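Novice: Sequence:
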Amino acid sequence: MEVIHKIGRRKTAVARVYLAKGKGKITVNKKDMTDYFTTGTLQYKVNQPLVMTNNDGNFDITVNVYGGGITGQAEAIRLGLSRAMCELDPENRAILKPEGLLTRDPRMVERKKFGQKKARKKFQFSKR
1 MEVIHKIGRR KTAVARVYLA KGKGKITVNK KDMTDYFTTG TLQYKVNQPL VMTNNDGNFD
61 ITVNVYGGGI TGQAEAIRLG LSRAMCELDP ENRAILKPEG LLTRDPRMVE RKKFGQKKAR
121 KKFQFSKR
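FYI, my numbering numbers position 81 of the sequence shown as 81, with every residue one higher than the one before it.
Please note: incorrect hints may appear among the correct ones.
Said to hold, decoys possible - Pairs of lysine-lysine, DSS-like flavour, derived with a Cα cap of 27 Å: (1) Lys45 - Lys112; (2) Lys118 - Lys25; (3) Lys23 - Lys112; (4) Lys127 - Lys11.
What the hints assert, rightly or not - Distance ranges between label pairs, derived from CB positions: (5) Asn64 - Met108: 47 to 57 Å; (6) Gly57 - Arg111: 38 to 48 Å; (7) Asn29 - Met52: 18 to 28 Å; (8) Glu110 - Gly57: 33 to 43 Å; (9) Met52 - Lys21: 31 to 41 Å; (10) Lys31 - Val51: 33 to 43 Å; (11) Lys30 - Lys113: 32 to 42 Å; (12) Asp105 - Asp60: 25 to 35 Å; (13) Asp35 - Pro98: 28 to 38 Å; (14) Glu2 - Gln124: 56 to 66 Å; (15) Gly40 - Asp105: 27 to 37 Å; (16) His5 - Phe114: 37 to 47 Å.
These are computed hints drawn from the structure, not numbers from a lab. Remember, predicted model here, so these are calculated numbers, not experimental data. Yeah, the Cβ is synthetic: ideal placement off N, Cα and C, and Gly gets one too.
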């Protein structure tokens, strides 16, 4: 098996996922996954596609991720891994699709408008 390369995105985070046969080591930006994602929730999000397809411990995964915050990066990695699992075995699609792991979340931050404090918030109008 050659290396499978997939891209996942979430908000402004972009993750490039490289999947190769191995012992189950996940490296994110040249750090161990547990060092990069310190909370259990984020580690669970990254491992979710592997656990659902019974592939945890079968592959060495290398990830380059940039942009956004740590949660967006974890979800971008999850999308990239889900796409890689589908390329590995097309039957995995039936497992991951109902859970929503193959859907690119389109929600982005709304831009700030001119003459306003934030995207929706206006300046306070005081009548004296």
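Novice: Against each hint, give a clear statement of whether it holds in the structure.
Specialist: A quick look at each hint next to the structure:
no.: 1; hint: Lys45 - Lys112; result: violated (30 Å)
no.: 2; hint: Lys118 - Lys25; result: violated (42 Å)
no.: 3; hint: Lys23 - Lys112; result: violated (46 Å)
no.: 4; hint: Lys127 - Lys11; result: violated (39 Å)
no.: 5; hint: Asn64 - Met108: 47 to 57 Å; result: violated (21 Å)
no.: 6; hint: Gly57 - Arg111: 38 to 48 Å; result: holds (43 Å)
no.: 7; hint: Asn29 - Met52: 18 to 28 Å; result: holds (24 Å)
no.: 8; hint: Glu110 - Gly57: 33 to 43 Å; result: holds (41 Å)
no.: 9; hint: Met52 - Lys21: 31 to 41 Å; result: violated (20 Å)
no.: 10; hint: Lys31 - Val51: 33 to 43 Å; result: violated (21 Å)
no.: 11; hint: Lys30 - Lys113: 32 to 42 Å; result: holds (40 Å)
no.: 12; hint: Asp105 - Asp60: 25 to 35 Å; result: holds (27 Å)
no.: 13; hint: Asp35 - Pro98: 28 to 38 Å; result: holds (32 Å)
no.: 14; hint: Glu2 - Gln124: 56 to 66 Å; result: holds (60 Å)
no.: 15; hint: Gly40 - Asp105: 27 to 37 Å; result: violated (21 Å)
no.: 16; hint: His5 - Phe114: 37 to 47 Å; result: holds (41 Å)
The structure fails hints 1, 2, 3, 4, 5, 9, 10, 15 (numbered hints given earlier, in ascending order).
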